[in-house]
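My request is simple: use the sequences and hints to build the entire structure.
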Amino acid sequence: MFKITAKEVLAPNVTRFSVEAPDVARSRQPGQFVVIRAEETSERVPLTIVDSDPEKGTIDLIIQDAGYSTHCISCFEVGDAFQDVLGPLGKPTHLEKFGTVVCVGGGVGIAVLFPIAKGLKEAGNYVITINGARNKELVILEDELAKVSDELIITTDDGSYGIKGFGTTVLQGLIDEGRKIDFVVAIGPTIMMKAVAEVTRPYKIPTIASLNAMMIDGTGMCGGCRVTVGDEVKFACVDGPEFDAHLVDFDEQIAKHHYYDHEQACEMEKIIAEAEQERS
Amino acid sequence: MAEEKRSRPPRQKKERIPRQEMPVRPPEERIQDFNEVALGFTEELALIEAKRCLQCPKHPCMEGCPVSVDIPGFIHLVSEGEFINAAQKIKETNLLPAVCGRVCPQEEQCEQVCVVGKIDQPVAIGRLERFVADYEREHAEAEIPEIAPATGKKVAVVGSGPAGITVAYELLQAKAIVAAEIETIKKMGAEIKLDMLIGKTRTIDQLLEEDGFDAIFIGTGAGLPMFLNLPGENLNGISSANEFLTRVNLMKAYRDDYDTPVKVGKNVAVIGAGNVAMDAARSAKRVGGEDTEVSIVYRRARDQMPAREEEIHHAEEEGIIFNLLTNPIRFIGDDKHNVKQMECIRMELGEPDESGRRRPIPIKGSEHTVDADTVIVALGTTPRKFIAETTPDLKTSKWGTFLVDEETGKTSKEGVFAGGDIVTGSATVIKAMGAGRVAAQSIKEYLAD
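Protein chains in written order, with the numbering used here: chain A, 51 to 330; chain B, 508 to 956.
One thing to keep in mind: the hints can contain errors.
[What the hints assert, rightly or not] With a straight-line cut-off of 20 Å between C-alpha atoms, the simulated PhoX-like cross-links for lysine-lysine are:
# : chain 1 : residue 1 : chain 2 : residue 2
1 : B       : K843      : A       : K244
2 : B       : K892      : A       : K141
3 : A       : K53       : B       : K700
4 : B       : K951      : B       : K920
5 : A       : K254      : A       : K244
6 : B       : K951      : B       : K917
7 : B       : K770      : A       : K320
8 : B       : K905      : A       : K284
[Said to hold, decoys possible] Under 10 Å between C-beta atoms, here's a sample of chain B residues computed to sit facing chain A:
#  : residue
9  : L704
10 : R709
11 : Q713
12 : N736
13 : E740
14 : I745
15 : N749
16 : R762
17 : Y765
18 : G840
19 : H844
Honestly, the hints are just simulated from the structure, not real lab data.
Don't be surprised by glycine CBs; every beta carbon is placed ideally from N, CA and C.
Right, here's the structure in full:
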């Protein structure tokens with residue numbers, strides 16, 4: 051069992067957990083994830099390792115309450131324990147000194163972006179981070195990102211904080227200003243990563259995206275996370291989760307995300323029914 | 508002298524006892540649930556079947572068994588009604604008789620060479636094995652075998668399948684073998700570490716250099732599913748048999764109290780014809796219900812199907828359709844990226860290929876489409892690469908299997924042994940256990956040096 055040592059609500063429906071997992075804390079590298087199974091009967095959910103403390107033996111995970119299983123996980127409290135935490139999984143981010151790097155993150159993708167931005171900074175890059183959210187309330191990890199970024203730009207869809215608009219617009223602006231950009235990392239909703247890939251494609255700026263594919267085991271056993279990259283089929287769990295954003299078939303990924311919508315909705319109805327029963 | 512002249516009465520031919528059938532639940536009942544299809548011998552049936560064994564002195568059956576179970580010995584005990592002792596007799600060399608009695612391909616092993624089989628149907632060794640194992644589980648307290656005195660040596664067993672648990676068991680026990688499964692091994696002093704993915708959480712080198720292990724056995728199996736690499740294979744609704752069966756079985760999607768979703772449409776196509784394909788097809792029928800049509804799509808003919816005859820027979824009884832000499836060439840999706848059809852081509856059999864089976868050749872112009880809203884790909888598996896990738900001095904074949912010395916299970920790396928599917932590619936439970944026994948013996952010798 052993997053005990054929860056800290057819990058913090060970062061934004062509405064966005065929770066940060068510190069979890070005791072000493073072996074994972076020691077061996078993990080930026081870009082890697084764990085698969086957690088909250089209880090015996092739970093689904094297995096992949097979550098990026100945001101940070102770790104090898105001394106204390108803890109890893110930090112950030113989860114957005116976006117459906118049945120993530121809702122159940124978000125309800126865990128300090129002192130509770132997850133049944134299984136398996137990792138670190140996936141290939142670590144390839145970190146080298148590229149020069150100027152732009153990290154574009156959206157929504158809870160910021161949680162995935164943070165360790166990569168930190169790693170790129172430590173590798174000697176000049177890091178520009180674009181942290182996008184729907185509104186001010188949903189901006190997360192601002193202080194942490196500020197520490198590892200040479201420039202931090204916040205955008206909100208509604209203009210309630212930072213620049214009004216999307217990260218892609220800011221990125222396009224940087225390119226138009228003539229800033230020399232050597233490498234771009236895009237992490238967030240699939241549609242956003244696709245948009246970033248389209249912005250950098252004409253300029254041939256190397257761009258990677260970290261896919262949040264659906265997974266079961268996270269170790270290559272099921273192939274449920276198949277992704278078309280160029281003319282090859284890869285497994286996001288063992289070959290990724292990061293891929294060349296100019297080669298990923300994002301439309302396929304978007305379609306895959308909707309495959310279990312109906313089942314998800316049925317499970318959510320269960321939660322609502324339970325809640326209503328408790329109330330009455 | 509008249510007596511002598513009288514022709515001898517024909518020798519009373521001892522009436523031959525026919526091979527006893529195992530009671531099986533009727534197809535229409537069993538497709539409603541996930542419970543076992545075959546019910547196993549009753550005590551009466553077991554006693555009758557055991558009498559069919561000739562107790563022949565050569566007992567070729569034992570040579571036909573990868574772990575050399577004392578087959579005549581245990582069958583003799585069954586015929587005496589000593590069912591628990593019979594189970595313990597098997598467990599002298601095979602820890603998992605309940606499993607092997609069910610999944611071993613006896614028709615290619617012990618039963619294939621059974622002497623009775625030369626004139627009649629062979630003794631039902633597998634069914635008897637299953638019976639005594641089940642009987643023991645229901646009637647006896649599993650005893651903890653005598654544990655060998657501690658040697659101060661530490662061995663890491665990576666993987667808890669049949670090869671791995673055999674190694675752990677053999678290394679811990681001194682002599683009398685009574686029962687074994689994970690719980691027994693724990694009670695015997697093994698520490699079981701879950702959520703420990705070797706090659707990721709810790710590496711082989713870390714186990715040897717930092718964690719103080721004197722030897723390592725790797726029994727991590729072959730877990731990476733193969734796909735067809737055809738256009739459209741990434742459409743929604745197309746999954747590996749590994750994914751489908753993991754959802755249904757391991758993650759219990761069929762139970763309401765589990766959160767795992769699983770989807771089965773109205774037209775399920777299972778690609779492949781091995782035991783896993785049969786399992787997937789029959790599970791799909793159970794998940795989908797009566798309106799779901801499930802077919803096995805296979806490029807060769809019935810005689811070349813690699814599944815066990817029993818599995819094929821059960822599948823047929825349950826209404827699985829066999830679409831043979833047919834090969835998919837691409838998958839066609841709808842506007843939601845969900846698979847809806849499959850384009851196939853008919854095949855004919857040519858000359859035998861390297862595997863000895865007749866090579867399937869596409870028939871030109873025979874392309875046709877079939878409806879399929881769920882496709883399950885069951886083409887076999889290859890080893891995963893975590894350990895090979897992080898242990899450069901471990902030699903592997905081009906298929907990713909570990910190269911070992913067959914006699915000892917030794918890999919190219921000092922102190923590291925391997926066995927089971929990671930060495931052979933996907934094979935059987937009993938072969939993995941055989942490899943585990945070999946490796947355990949050589950680990951003992953290695954540690955004694």
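Hints, verified against the model:
With a C-alpha separation of about 18 Å, the suggested pairing of K843/B with K244/A holds against the 20 Å cut-off. At roughly 12 Å between alpha-carbon atoms, K892/B and K141/A fall within 20 Å of each other, so this suggested pair holds. Distance hint between K53/A and K700/B is fulfilled; the C-alpha atoms sit about 16 Å from each other, no more than 20 Å. Proposed proximity of K951/B and K920/B is supported: the alpha carbons are some 17 Å apart, at most 20 Å.
Annotation: proposed proximity of K254/A to K244/A holds, straight-line Cα distance about 15 Å (limit 20 Å). Proposed proximity of K951/B and K917/B is supported: the alpha carbons are some 12 Å apart, at most 20 Å. Straight-line distance between C-alpha atoms of K770/B and K320/A comes to about 19 Å, which keeps the hinted pair within the 20 Å bound. With a CA separation close to 19 Å, the supplied pair K905/B and K284/A stays within the 20 Å bound.
Hint status for L704/B: holds, given a least beta-carbon distance of 6 Å to chain A, under 10 Å. The restraint placing R709/B at the interface with chain A holds, with a minimum CB-CB distance near 6 Å, inside the 10 Å limit. With its C-beta approaching chain A no nearer than about 8 Å, Q713/B sits inside the 10 Å limit, and its interface hint holds. Taken as an interface hint, N736/B checks out: its beta carbon lies about 7 Å from the nearest beta carbon of chain A, inside 10 Å.
Annotation: interface hint on E740/B holds; nearest CB of chain A at approximately 7 Å, less than 10 Å. Because the closest C-beta pair between I745/B and chain A is about 9 Å apart, less than 10 Å, the hint holds. About 5 Å separates the beta-carbon of N749/B from the nearest beta-carbon of chain A, less than 10 Å, and the hint is met. Checking R762/B against chain A: minimum C-beta separation of about 8 Å stays under 10 Å; hint holds.
Taking 10 Å as the C-beta cut-off, the interface hint given for Y765/B holds, the closest approach to chain A being about 5 Å. With 10 Å as the threshold, the beta carbon of G840/B comes within range of chain A, its nearest partner Cβ sitting at about 9 Å, so the hint holds. Given the 10 Å rule on beta carbons, the hint for H844/B holds: about 3 Å separates it from the nearest Cβ of chain A.
Of the numbered hints given earlier, the model fails none.
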